[in-house]
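Modelling step: build the complete structure from the supplied sequences, incorporating the hints.
So the protein lines, in turn, are chains P and W. Residue 50 in this note's numbering sits at position 50 of the first sequence; the count goes up by one each step and never skips. Residue 157 in this note's numbering sits at position 157 of the second sequence; the count goes up by one each step and never skips.
Calculated directly from the structure, the hints in this document are not laboratory data. As the structure is a computational prediction, the values presented were derived from the model and not from experiment. Do not take every clue at face value.
Unchecked claim - Calculated from the model, a selection of chain W residues having no Cβ within reach of chain P, i.e. all distances over 10 Å: (1) Gln31; (2) Arg34; (3) Val47; (4) Glu59; (5) Leu60; (6) His66; (7) Gln87; (8) Gly90; (9) Phe111; (10) Ala124; (11) Arg127.
What the hints assert, rightly or not - Derived SDA-like pairs (lysine to any residue); straight-line CA-CA distance at most 20 Å: (12) W:Lys96 / P:Ile35; (13) W:Lys96 / P:Lys156; (14) P:Lys156 / W:Val47; (15) P:Lys158 / W:Gln141; (16) P:Lys3 / W:Arg127; (17) P:Lys156 / W:Phe92; (18) P:Lys3 / W:Phe120; (19) P:Lys172 / P:Arg154; (20) P:Lys158 / W:Arg127; (21) W:Lys96 / P:Lys3; (22) P:Lys111 / P:Cys78; (23) P:Lys3 / W:Ala124; (24) P:Lys158 / W:Lys96; (25) W:Lys73 / P:Gln131; (26) W:Lys96 / W:Asp52; (27) P:Lys156 / W:Thr103; (28) W:Lys96 / P:Arg154.
Every residue gets a Cβ at the ideal spot worked out from N, C-alpha and C, and that includes glycine.
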Amino acid sequence: MNKAVIPLAIFLALAGLFFYVLQQMGEGEYNPRDIPTEFIGRSAPAFTLSSLFDANEQVRSEDYKGRPWLLNVWGTWCPECWREHPYLLTLKARGIPIVGIDWRDTREEGKAMLQQNGNPFVAVGFDPDSQMAIDWGVYGAPETFLIDAEGVIRAKHKGALNEQSWQEKFAKWFEDKK
Amino acid sequence: MKQLLLGMLMLSLASAVFATNIEVYKFDSPQQERDYKALTAELRCLVCQNQDIADSNAELAQDMRHKVYQMLKQGKSKQQIVDFMVQRYGDFVRYKPPFEARTVVLWVGPFLIFALAMFFMLRAISRGRAHEERAELSEEQISHAADLLEQRSGKSTD
Chain P
1 MNKAVIPLAI
11 FLALAGLFFY
21 VLQQMGEGEY
31 NPRDIPTEFI
41 GRSAPAFTLS
51 SLFDANEQVR
61 SEDYKGRPWL
71 LNVWGTWCPE
81 CWREHPYLLT
91 LKARGIPIVG
101 IDWRDTREEG
111 KAMLQQNGNP
121 FVAVGFDPDS
131 QMAIDWGVYG
141 APETFLIDAE
151 GVIRAKHKGA
161 LNEQSWQEKF
171 AKWFEDKK
Chain W
1 MKQLLLGMLM
11 LSLASAVFAT
21 NIEVYKFDSP
31 QQERDYKALT
41 AELRCLVCQN
51 QDIADSNAEL
61 AQDMRHKVYQ
71 MLKQGKSKQQ
81 IVDFMVQRYG
91 DFVRYKPPFE
101 ARTVVLWVGP
111 FLIFALAMFF
121 MLRAISRGRA
131 HEERAELSEE
141 QISHAADLLE
151 QRSGKSTD
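Structure (structure tokens):
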């Protein structure tokens, strides 16, 4: 083989590799900003937060033990959360219990959004200073966790939930609720 | 004069607005303050990933600083606080990843690549030399070459 072809071959191989990785990134793989979660298979940290709707009421993680449930971290400042909202409402319609955490928000804005768009949550904890968020390793919104009946975190999704990511990561834990 | 006074007033107002953004933490001891500074420089901001949390104005970084402060106040050691964060955000939260089996490539890789590059460069250089040596000419060849050159320049002057 002619020696001059070698650099060309290397170039083409690299170009192919980069193209492949970029393609995969478009599909949500290899995201350089993704931080692998440390929580899958670990028991969920307990939290006690005041309710978004009533500062005197408490939202406690232990109240949801005994069946699988979702925890969704959101905020009115987060555009993806607005995009995700209608999908959460369809999950509610299927009978999936979702506990919301209104993160780094004001009560007024949080309540107004749910009034305007509907409330997909069985309860909403209010976390204005990241107490719960840091404890759960949250670094962006929306983030959704699946906690099983024993209180162990089984799945986590970063970014807006949709039917595809639901089927991939969460559906199998709610086989009875198709 | 009036305008100058007005300008000064506005400037001082502006700085008052900025001042509200600065966090003031009171520490029990100078050691605690040093620990706080070391920790916030060692932990990475998860939102703007090329900043440490001391440097970042992202809201999550503010809250993480506050968490570090609270934990120091509770008497937690530096190591305990780093462990707390790593447990939640993984090794990624540390600017300096630990040296272990999983990260060997990260630490040793660059030196390996450097060594390989040196090896190939030195080999290429020494090969070049060997080539030059082989190109040495005998005296006969040199005089022949000189003749050829002369002929050629003779032609060109025609």
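These are the hints, each one checked on the structure:
1. Gln31: Check passes; 24 Å lies beyond 10 Å.
2. Arg34: 23 Å, holds
3. Val47: 6 Å, violated
4. Glu59: Contrary to the label, Glu59 (chain W) does not stay out of reach of chain P, its closest Cβ about 6 Å off (not over 10 Å).
5. Leu60: Non-interface label fails for Leu60 (chain W): nearest chain P Cβ at 6 Å, not farther than 10 Å.
6. His66: 7 Å, violated
7. Gln87: 6 Å, violated
8. Gly90: Nearest chain P Cβ is 5 Å from Gly90 (chain W), so the label is violated.
9. Phe111: 23 Å, holds
10. Ala124: Since the minimum Cβ distance to chain P is about 14 Å, Ala124 (chain W) lies beyond 10 Å and the statement holds.
11. Arg127: For Arg127 (chain W), whose nearest Cβ neighbour in chain P is about 14 Å away, the distance exceeds 10 Å, so it holds.
12. W:Lys96 / P:Ile35: 16 Å, holds
13. W:Lys96 / P:Lys156: The given pair, whose Cα atoms are some 26 Å apart, is violated under the 20 Å limit.
14. P:Lys156 / W:Val47: Within the cut-off at roughly 18 Å; holds.
15. P:Lys158 / W:Gln141: Violated. Lys158 (chain P) to Gln141 (chain W) sits at ~76 Å, over the 20 Å cutoff.
16. P:Lys3 / W:Arg127: Cα-Cα ~17 Å, so holds.
17. P:Lys156 / W:Phe92: Roughly 18 Å separates the two Cα atoms, so the pair holds.
18. P:Lys3 / W:Phe120: 17 Å, holds
19. P:Lys172 / P:Arg154: With Cα atoms ~11 Å apart, Lys172 (chain P) and Arg154 (chain P) stay inside 20 Å; holds.
20. P:Lys158 / W:Arg127: With a Cα-Cα distance of about 55 Å, the restraint between Lys158 (chain P) and Arg127 (chain W) is violated, given a limit of 20 Å.
21. W:Lys96 / P:Lys3: Answer violated: Lys96 (chain W) to Lys3 (chain P) is near 42 Å, above 20 Å.
22. P:Lys111 / P:Cys78: 15 Å, holds
23. P:Lys3 / W:Ala124: 15 Å, holds
24. P:Lys158 / W:Lys96: 25 Å, violated
25. W:Lys73 / P:Gln131: 16 Å, holds
26. W:Lys96 / W:Asp52: Holds, at roughly 11 Å.
27. P:Lys156 / W:Thr103: 25 Å, violated
28. W:Lys96 / P:Arg154: 29 Å, violated
This entry does not satisfy hints 3, 4, 5, 6, 7, 8, 13, 15, 20, 21, 24, 27, 28, going by the numbered hints stated previously.
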